[in-house]
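In our numbering, the protein residues as written are 1 to 202.
Source of the hints: derived by calculation from the structure; they are not laboratory data. All residues carry an ideal CB built from backbone N, CA and C; glycine is no exception. Certain hints may be false.
[To be verified] Ranges of calculated distance between the beta carbons of each label pair, as one might list FRET restraints:
(1) T100 to G62: 35 to 43 Å
(2) A104 to G62: 36 to 44 Å
(3) A89 to T130: 40 to 48 Å
(4) H96 to E64: 40 to 48 Å
(5) H96 to D161: 18 to 26 Å
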Amino acid sequence: MAVHLVLLCASTWDAARDAVFGDGALNERALLEAGAARALPLYSPAVRAPSARCAQLADALGLETTVEPALRGLDYGEWTGRTVGDVVADDPYGYHAWLTDPDAVPHGGESIRGLCRRTANWLNGMEPDTGHALAIVEEAAVRALLLHAQGAPARAFWHVDVPALSTVRLTPSGHSRTIRLEPVLRYVSDGHGAADAVVGAS
1 MAVHLVLLCA
11 STWDAARDAV
21 FGDGALNERA
31 LLEAGAARAL
41 PLYSPAVRAP
51 SARCAQLADA
61 LGLETTVEPA
71 LRGLDYGEWT
81 GRTVGDVVAD
91 DPYGYHAWLT
101 DPDAVPHGGE
111 SIRGLCRRTA
121 NWLNGMEPDT
131 GHALAIVEEA
141 AVRALLLHAQ
151 GAPARAFWHV
161 DVPALSTVRL
171 TPSGHSRTIR
181 LEPVLRYVSD
191 GHGAADAVVG
201 AS
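Kindly produce the complete structure, drawing on both the sequences and the hints.
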């Protein structure tokens with residue numbers, strides 16, 4: 001059986017300059033949308049990154065998940081806890097290097113290439129008989145896994161846009177994987193005039 005993997009992006013809609021490097025709680029909008037959803041009993045196994053927001057999203061969706069350390073978010077080093085605007089003002093050259101060189105580590109943490117290599121090793125190590133799996137991960141990990149699935153270089157990292165609370169389906173297709181990006185919440189009638197949200201429905 002081939003591996004069919006769904007990536008669920010645990011991020012929020014924070015304004016770019018207000019976004020904070022590192023882990024943090026989901027904002028109110030994300031929690032409200034996630035709390036309205038019900039998970040389809042389709043994915044086994046279901047894993048998540050060890051961050052607080054990934055745990056929070058799994059709980060909001062009522063999903064039982066196993067923590068996968070290899071899917072942890074990018075290590076931002078000295079930038080952790082700071083806003084993008086603050087870093088840009090304090091270290092504009094370092095920030096520019098980070099956006100243009102996948103090997104740059106101006107924050108002293110992990111490089112983009114390092115993240116891509118780590119997540120690719122995890123994906124390559126999945127057992128062929130895994131079947132349909134779900135991974136709740138940070139936006140950076142989704143980008144990295146998409147690059148690997150398509151054989152794209154690490155320098156293309158910033159050319160991948162992953163909406164908050166979106167799902168990405170990776171399915172085998174020859175020697176690569178096809179990609180489908182869709183909203184995490186797809187609404188269906190519950191037969192009583194209300195709408196329930198289904199995770200990963202197609």
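ask   = Which hints from the list above does the structure break, by number from lowest to highest?
value = When the structure is compared with the hints, none of them turns out to be violated.
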